[in-house]
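Visitor: Sequence:
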Amino acid sequence: MTHHLLQLPACPDHLPTDLQHLSHTRWPLHLPPQSLTPTAIRQALAAIELPDTISDILGSDQTPAILWLLASHTLPQATHWHYSHPLQQWDKLTADPATQKPSPTPQEQEQEQEQEQEQEQEQEQEQEQEQATITPAPTAAATPPRNDLATMPEGTLAFKAFCYEAWGGHTPENTRHLQRIEDEAINRSPNVLAYIQKARQRGETAYQLSQQLEREIDQHGIEHARQWVQQQTTDLHKNIQQHLKTQLNKQEKRQQHQKIRQANRSYQSNISPVALIDGHHPNSLPHLPASNQWQILIDETGDTFDQTADHLKPTDPQIGRLVALAIPAETTLPALEPFHAVEAHASHIDQIVQQLLNQRVGIFGFSVTDPAAQHRYWIGHIQQLIRWSLLQLPTPATASAPLQIHVLIERNKNYQPGDNQALRALAETLESELQGIDPHRFGQLRLNLAIMDKNHPHNGYIDALAFTWGSQASESKDRLKKSALRGHCLLTANDSNLQHLYLATSQQRPLRPAEWYELCTAASHDPEGGYLRRSLERIGETLSQHKNPHLWRDYLEEVRQHLRSKQYRLAELGHALDWLQRHSPAQQGAQQQLPATLSLLLKSTQLATQNHRGQIDHQHIGDCLDLILQLRDEAPAETCEALLRITTATTNNFEFATLRSTITEWLQQPVAVPGLLNHGKLHSTLGQIEAFSGQPQQAIVHFDQALLHFARLSDPEQQQRETAQTQTYRLIARLDALLQPPGHPTTLQSDTDTDHLLNELLQHMQHHTGKNSPDAISRSLAHNGQQHRYLHHLWLRAMLHLPALQPARLAYLQSQGQWQQGSDHPWPLINAYRGWLLQQAGQTQAATEHLQHAIELCENQAHGPTLQWMAETLRTLAQALGLHLPPEHQPSANARQHLINTLPHAPHAALTHFAQEANTPLTHPQILQHLCACLPFNFH
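Residue numbers for the sequence shown follow the UniProt record's numbering, beginning at 1 and rising by one.
One or more of the hints may lead you astray.
Computed spacing ranges between beta-carbons, pair by pair [to be verified]:
#, residue 1, residue 2, range
1, R560, A275, 26 to 34 angstroms
2, Q197, E717, 57 to 65 angstroms
3, R509, D623, 34 to 42 angstroms
4, N448, P396, 14 to 22 angstroms
Treat the hints as calculated values from the structure; they're not laboratory data.
All C-beta atoms in this analysis are idealised placements derived from N, C-alpha and C, irrespective of residue type, glycine included.
Start from the sequences and build out the full structure, keeping to the hints where you can.
Guide: Below, the structure is given as structure tokens:
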């Protein structure tokens, strides 16, 4: 039988021993070196019309690898014979000759690499052109199977090494990936290692040339740079040439994008300004309705994801920022056409962002400069974002059904659609971790992670968000500002907020006092059985088990600090005090009693909460008075502060002068007895008593004394806080002086006096808002929330008292879309004054809604008789302004009779008189005088 042989180039003439005794016909393949291309070889193989009876292929270690591959593909059933020139022997190969043959020669390596990389390089180039920046490689633990180095051909391995060096091998992530490639090369052979190192050298050359290319573009322009690339790359390796061409294309695209941004420069974002709801953003992830099924889309912006980001300016676009968009199953987002924000007009991005702001979807993101971002690699930050998002995810209180979460991560260089095996391991790790943190919530978590292509119908949404956050273009900044996402949903470094709280509760450590108070705040809004409520109770149980009174005292002091600084909401404060009461040292053992000093601290703090709710608990007041008598010599500062709380309680009961003599007695003590701070507060409290009693001028004397004492405080922050509050009291007293009857000694006597008051008011507002004009002050306070609520109240009060502030009223009304809302004092008054301003502007419907909301805030069932009195007064005010409220919000004789029984010391005759005249035309000053008589001083 005749055997037909295919003899490849560089094969010796003599045959293997096993073939010498057989008859055979040789089909030699002769190709010049310049023809060793895939196309030329395929054409040659087709042209010689190989017979079907070829049973053997002969070649050597000098035969180009590409010939082995194509011959074996053409004749898959043939036996491969390999001749080693150094050993001068034939070997029969039983597997793919590309992997069985000895290490290729340098020339073969070059040729093999070029051919194997053709398709992969095209894919890499396409991705580079799509992305404005190059995302570094992932960690070794999460490398997808398609990038498994152990099974990767040597040519592809070398190309990867080239790419990571060309992208900047100095970054921690790229350095790690390059080390893994070299480790794999060492495992194979010294020749492969040398092969990889040569590829790295080419990559380093490509990187240096790309840096020089940028300088050429900056100095001489894109056309000159194109000629420079042609000159520089004539004799360079093909990979370097292609890399520089790709970089040049990217720079050209960047210039095109800059032209787009230039065209957009005068563009103002047309999205509707977002108003916060009780301090949180409408798209805040934890505040969405609960769902058992979610889809989470993830994208990033920037290109620096390691510790070098800490050295960049906070606004630097290079800083890595990661964004998640959480879509519950109950929300359907329209599909988008393929979309890339960097190439889109600003108005198109506005439309997409506005759609998200109008939907019940959650938005969350963080910067890698955030203290909570502990990772150095991109995949680590992705893991942190997923974990952080899942902790916040609103889920049903009972885990009766599986919690199904599908996470789609936009692809990057090393993670492509279909590379999901490593992500399954990451999903299982996260499932296990979260189930350990909260089995109740995550016991049936089913987490699926996948890579999302840029053409996914929802990818445009997350791309628009990421672009808006990372772009430094003016239109993007305007969009970000109006969306109110930054600082609420998109966190910048050192933000202290609810999102960080979820991480803190998962770290199995004692919470710091500020964190504990934030948890009390958040838990007060959490549904029954919610994650935060359970976390707070677990902390209380741990505190009780370890009997740690020092930590309990730190938590109590945190509450007191919030009271002093006025930074609180009543519901949250009450939640914190309730927790302290249930987990106090006295509750930790039957034999342990709470020391009298701590008991006074707790009771006086609870009394402060009751004061702000308008509640009057005579038993609680009596308990505090007993403790004050007991501890006056032992703890004078604490007893003085408790006395000030009690004085406020009697003020809420309209018993303004009850403790006047006691306050006066304390003022006669040396300053050192109560302490400088409390001595100033005693003067301020006495000033408030005089103001409530209708003596604004005498009140101002005491306020001035308080300011002198506060000026001596060594703590500048405390000094500023106390001074600001007392100056506010002083300005309210001066405004009240405007309403005194003609000839009254405290009445402002001339326009000059009014001008002085206006100047004093503007200086005060400028100091605290940083704004120079009345219009700017109005616009600043219009979108301000809880922090400046007392300043906000003062400004609204002043705008209704001082005709000279008419332009400021107009500016405030024009900013109506940015008005924030709150639920505790003085938000009812803020809403009432807003309604009054709207009524003056002819916006009757909006005015009615704001007065109605103000009344509803006062009527809260948790509020006491003082706020019920305020509600009836505001109902009467609405009637006097000619606003038609629903029947349940009309002034009522029955309500006034009920208040006679619950609040006997209130000015009932004044309220009855106001109700009688509310149906008759009243001038603006007359309404103000009625309001002042029914709600004296800062009650209105």
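Visitor: Compare the structure with each hint and give your call.
Guide: Hint check results:
1. Checked against the hint of 26 to 34 angstroms, the C-beta distance between R560 and A275 comes to roughly 32 angstroms, which is consistent with it.
2. As the Cβ distance of Q197 to E717 is approximately 59 angstroms, the hint placing it in 57 to 65 angstroms holds.
3. Here the CB-CB span from R509 to D623 is close to 36 angstroms, well matched to the stated 34 to 42 angstroms.
4. A C-beta distance of roughly 19 angstroms is found between N448 and P396, which places it inside the suggested range of 14 to 22 angstroms.
When the structure is compared with the earlier hints, no violation turns up for any of them.
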